[in-house]
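K.L.:
Add chain B to chain A, keeping to what the hints say.
If you read the sequences in order, they're chains A and B. Position 120 (the first sequence) corresponds to 120 in the working numbering; numbering is contiguous. Just add 217 to wherever you are in the second sequence, counting from 1, and you've got the working numbering.
Simulated from the structure, these hints should not be mistaken for laboratory data. Here the structure is a predicted model, which is why all the values come from computation and not from measurement. Warning: the hint list may mix true and false statements.
[Claimed, not checked] Some but not every residue of chain A turned toward chain B, in silico, with C-beta under 8 Å:
id, residue
1, 14
2, 15
3, 17
4, 18
5, 19
6, 20
7, 24
8, 26
9, 31
10, 185
11, 187
[As the list claims (entries may be wrong)] DSS-like mimics (lysine-lysine), calculated; alpha carbons at most 30 Å apart, straight line:
id, chain 1, residue 1, chain 2, residue 2
12, A, 177, B, 248
13, B, 231, A, 177
14, A, 62, A, 72
[As the list claims (entries may be wrong)] Where chain A lies over chain B, by a calculated footprint (3+ residues, C-beta under 8 Å):
id, stretch
15, 219 to 232
16, 294 to 307
Cβ coordinates follow ideal geometry from the N, Cα and C atoms, glycine included.
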Amino acid sequence: MTATLTEGILGRKLGMSQIFEEGGLVRAVTAIQAGPCTVTQVKTPDQDGYSAIQIGFDEARKLNKPEAGHLKEMPMLRHLREVRLSSTDAYKPGQQIDASLFEVGELVDVVGTSKGKGYAGGVKRHHFRGGPKTHGQSDRYRAPGSIGATTTPGRVYKGQRMAGHLGDVRVTVQNLKVVEVDAERNLLLVEGAVPGANNALIFVRKAVKAAGRKKKG
Amino acid sequence: MNAILQSIAERQLKADVPQLAPGDTVKVHAKVVEGSRERIQVFEGTVMRLRGGGSATNFTVRRIAHGIGVERTFLLHSPRLDKIEVIRHGRVRRAQLYYLRGRVGKSAKIKERRLA
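Just chain A, with the same shape it has in the complex (with noise of 0.2 Å):
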């Protein structure tokens, strides 16, 4: 099967609030500050065997010199990423996207890097239950128990679970629905969570889940 290629948008998690909706019910959103971005390059498939575009988000300080190279008269832009796309007709290098891409009502996805918790054992990494706390017990509060057999198989199961690194990792949360968007301000509030810091970069694109259905009304 072939992936589904929506368009999409890099941006800023600015933070969570909450919101009334009509009827009084409360909702957690969060802030994305989506865009503005620049088409730096479109890729099609005579040139370069793929369509997709390049986009770019946020004031570069400085480049290198290959940034500047790539870039040439596009305004220095920190962040680069490609967007895959069936077609790349609509899309010319210096073009703008900003939030207006997004509408209220809408199913988005939104792409992050996880926030880094460094090397954690297995009850906060995998959710292990830990050992008891009483009954005479000593050093087996947070302890992962048995990681495996005896003489057979002798030696531990590739892909155990245990202790090390979480966090830090790409993280996509499909189809959180767009409560508002606001185009002047390039501000998008999303229903829910997204992963990440605040400030941190994202992408935000349209629901690949939800590309094929029809929309709901």
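P.N.:
Relative to the frame of chain A, chain B by itself:
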């Protein structure tokens, strides 16, 4: 806090909320839905605590209803609240009046604070 987040939170605030303090006696006019009809229900009691800030501010009101202590927590800026009336200010020395929970009658009484 980020200026944009601030503006989102500020937009949610109601202009006409009274200044509440723990120990105050209040009448809260809350909208309740009964079947298809909506009506106003009044909940009168003592403000036991205030929590949160900005648009998330909430307060807990305690009253004795039919001999049973009832506590209800409301969001201060909720559109579900029609109005909040402060009936009297109480003189209390703490921010959370959890000590009221174990008390009934005279020992649960709060002296009135008269504004000069």
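K.L.:
Okay, which hints does this one fail, numbers in order?
P.N.:
Going through the list in order, the structure violates no hint and respects every one.
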